[in-house]
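Go ahead and model the full structure; you've got the sequences and the hints to work with.
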Amino acid sequence: MNKSLYDQLKAYLLSAKGEWQTIAKDCDVDSSWPYKVMSGRIKDPGVLRTERILKYARSKGWRPTKASQQPQQKKAA
Numbered sequence: 001m002n003k004s005l006y007d008q009l010k011a012y013l014l015s016a017k018g019e020w021q022t023i024a025k026d027c028d029v030d031s032s033w034p035y036k037v038m039s040g041r042i043k044d045p046g047v048l049r050t051e052r053i054l055k056y057a058r059s060k061g062w063r064p065t066k067a068s069q070q071p072q073q074k075k076a077a
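Under our numbering, the residue at position 66 of the sequence shown is numbered 66, and the numbers go up by one with no gaps.
By construction, these hints were calculated from the structure, which means they are not laboratory data. Watch out, some of these pointers could steer you wrong.
In silico SDA-like pairs for lysine to any residue, Cα to Cα no more than 20 Å straight-line [unchecked claim]:
#1 K3 to S32
#2 K43 to A11
#3 K25 to Y35
#4 K55 to A16
What you are looking at is a predicted structure, and each value in this text was computed from that prediction instead of being measured.
See below:
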C-alpha cells in the first residue's frame, strides 16, 4: 500500500528535524510551516507545497523507508 503524500511529507520532516528552517527557505514556504504541519496545526497542507517539499527531499537523496510505507498497526492493549 502506498503512503499518502501527507504521510510522506510528515515522514520526511520527521527525518529532517533540525533542518526545517533550511527546508522552508529552500522550498519557499513560511519558516513556521514545517512546525505547524508536524504539530497538527495545519491538517491539510496543500498539494503544491507538499509536492515541492517532497521534490526537494528526493533531490537530497531521501526515500521513504519500507517501514514508513507500511500502514501503522494498532497495538493491543
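Against the structure, the hints:
1. K3 to S32: violated, 24 Å
2. K43 to A11: At roughly 15 Å apart (the allowed maximum being 20 Å), A11 and K43 satisfy the hint.
3. K25 to Y35: holds, 13 Å
4. K55 to A16: holds, 14 Å
In the structure shown, a violation is registered for the earlier hint numbered 1 alone.
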